[in-house]
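Chemist: Using the sequences provided together with the hints, build the complete structure.
Residue numbers (the working numbering), protein chains in the order written: chain A, 56 to 290; chain B, 1011 to 1238.
What the hints contain is simulated information worked out from the structure, not anything from laboratory work.
Beta carbons: idealized from backbone N, C-alpha and C, even for Gly.
There's no promise every hint is true.
To be verified - In silico lysine to any residue, SDA-like type, Cα no more than 20 Å apart, as pairs:
#: 1; chain 1: A; residue 1: K196; chain 2: B; residue 2: G1110
#: 2; chain 1: A; residue 1: K149; chain 2: B; residue 2: K1153
#: 3; chain 1: B; residue 1: K1087; chain 2: A; residue 2: K149
#: 4; chain 1: B; residue 1: K1087; chain 2: A; residue 2: A285
#: 5; chain 1: B; residue 1: K1087; chain 2: B; residue 2: F1099
#: 6; chain 1: B; residue 1: K1087; chain 2: A; residue 2: R284
#: 7; chain 1: A; residue 1: K188; chain 2: B; residue 2: P1177
#: 8; chain 1: A; residue 1: K196; chain 2: B; residue 2: V1181
#: 9; chain 1: B; residue 1: K1087; chain 2: A; residue 2: R136
#: 10; chain 1: A; residue 1: K127; chain 2: B; residue 2: G1137
#: 11; chain 1: B; residue 1: K1164; chain 2: B; residue 2: D1175
#: 12; chain 1: A; residue 1: K127; chain 2: B; residue 2: A1141
#: 13; chain 1: A; residue 1: K149; chain 2: B; residue 2: A1141
#: 14; chain 1: B; residue 1: K1088; chain 2: A; residue 2: K61
#: 15; chain 1: B; residue 1: K1087; chain 2: B; residue 2: V1139
#: 16; chain 1: A; residue 1: K196; chain 2: B; residue 2: H1112
#: 17; chain 1: A; residue 1: K196; chain 2: B; residue 2: V1197
#: 18; chain 1: A; residue 1: K196; chain 2: B; residue 2: R1154
#: 19; chain 1: A; residue 1: K127; chain 2: B; residue 2: P1140
#: 20; chain 1: B; residue 1: K1093; chain 2: A; residue 2: M226
#: 21; chain 1: A; residue 1: K196; chain 2: B; residue 2: R1109
#: 22; chain 1: A; residue 1: K61; chain 2: A; residue 2: A97
Said to hold, decoys possible - Which stretches of chain B does chain A cover? Using the computed rule of at least three CB atoms under 8 Å from a CB of chain A, they are:
#: 23; segment: 1075 to 1084
#: 24; segment: 1136 to 1147
#: 25; segment: 1171 to 1180
So you can see what is in the structure, the chains are spelled out below.
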Amino acid sequence: MDKTCKTVAEAVAGIADGASVMIAGFGGSGAPVELIHALIDAGPRHLTVINNNAGTGQVGLAAMIREGMVDKVICSYPRTRDAVCFNEAYAAGKLELEVVPQGTLAERIRAGGAGIPAFYTPTGVGTELAEGKAVGRFEGKDYVQERWLKADVALIKGEVGDPMGNLTYRMSARNFNPIMAMAATRTIAQVRRMVAPGGIPPEDVITPGIFVDALVEVPDARQEEDLIRAEAVYP
Amino acid sequence: MSTLNEIKLTNAQIAWRAAQDIADGAYVNLGIGFPEMVANHCPKDREVIFHTENGLLNFGPAPEPGQEDWDLINAGKKAITLKPGAAVFDHALSFAMVRGGHLDVAILGAFQVAENGDLANWSTGKGGVPAVGGAMDLVHGAKRVAVVTDHVTKSGAPKLVSRCDMPLTGVGCVTRIYSSLAVVDVVEGRFVLREKLAALSLDELQAVTGAPLHLEGAPEDLVVPALA
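Modeler: Structure follows, in structure tokens:
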């Protein structure tokens, strides 16, 4: 089995207009910048993007929004000092926004990947983010029903990968990567280093290859935070 | 109000007072911003393990400038360091720790806290871009949910109120408030005053509090070290 692609362009080929796309990362940590930039080159439009944030600076998700590729963002925290591309598009009414509490966002994605259509959580009970949602009472306490979240595509970033799609992650760059890998019809990973099958000790595998459809080695991958601090602009 | 401003605690002093209640061996989550200061004031003889919702347990202070690793950040997206015995995990597992009742304490900031324990701290309700992050999750699950806050707003309005009129973060979730003037518990739908600044009379404190302060025995003096 070999799921490797030779280039990032090959990895993201075929993502259609109107697709829902999960993009992993928390801030710049764990963001698959090179895959996002390849998607900007490919140029699908009317995308729904699921991310914790809504992009900062002029690279990655922020650049996708600036380029007009995104119709809707589902995230927990879009308001950031330098989220200029999001702020501009949102103020202009060009972008639909669904704000989801961060833990609920994570669990909805996990549920999507695990085949669980709905679950109950204490988060948001009695707040405006729970309006219109079913409430259930368990052991004397109210819980809000939340639905699974799935996507057509997930773009994720691993540290080490093998041709079977097994992945490891670096430090807190793990964040949303393993759960988004589970929740998409097609999961595409970039990794800093490819090794032969067996090169990752089985006990060290964080995302088993069954969740990954394609992966590409990007040895010189940039950390998104570094690009933002350098005020980089893509394209 | 000028006298109130002269006697009130600094944020560092509020953080110090909150830190004194964190037990040895506690697992603690600190909200972004002001609550992060609590980590600087934990008694040296106690081991406190800090959780950050982006997937780390047992992180330490910021690295030296120039030594930042941007794959090693906290929920505020600030660079941090790891202590021996740290662990990394994904977002779903991280919030399982939060909602599953595994944290001992969560300490957050507040716009308003009501006497029934309701907290408003994510949106002023006045428009702008809505953004909630992990606040709504953090107020459910930790064994104690405490707030550090100025006792009044910049314009002098009470932040401890009978009912929040800003959008809620959580219902009936706050157990203790460390303010710039007092330490107040939420007990069965009422504010119970535990400590107040000695320079402030009970009437003066009540005058800047938006709901009745109840007493269970005489309140103690709120005493903190000099901290900028």
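Chemist: Now tell me if each hint is right for this structure.
Modeler: Hints, one by one, checked against the model:
no.	hint	verdict
1	A:K196 / B:G1110	14 Å, holds
2	A:K149 / B:K1153	42 Å, violated
3	B:K1087 / A:K149	27 Å, violated
4	B:K1087 / A:A285	17 Å, holds
5	B:K1087 / B:F1099	16 Å, holds
6	B:K1087 / A:R284	13 Å, holds
7	A:K188 / B:P1177	17 Å, holds
8	A:K196 / B:V1181	11 Å, holds
9	B:K1087 / A:R136	12 Å, holds
10	A:K127 / B:G1137	19 Å, holds
11	B:K1164 / B:D1175	17 Å, holds
12	A:K127 / B:A1141	15 Å, holds
13	A:K149 / B:A1141	18 Å, holds
14	B:K1088 / A:K61	35 Å, violated
15	B:K1087 / B:V1139	19 Å, holds
16	A:K196 / B:H1112	18 Å, holds
17	A:K196 / B:V1197	18 Å, holds
18	A:K196 / B:R1154	17 Å, holds
19	A:K127 / B:P1140	14 Å, holds
20	B:K1093 / A:M226	13 Å, holds
21	A:K196 / B:R1109	14 Å, holds
22	A:K61 / A:A97	16 Å, holds
23	1075 to 1084	holds (count 5)
24	1136 to 1147	holds (count 10)
25	1171 to 1180	holds (count 4)
Violated hints for the displayed structure, listed by number in ascending order: 2, 3, 14.
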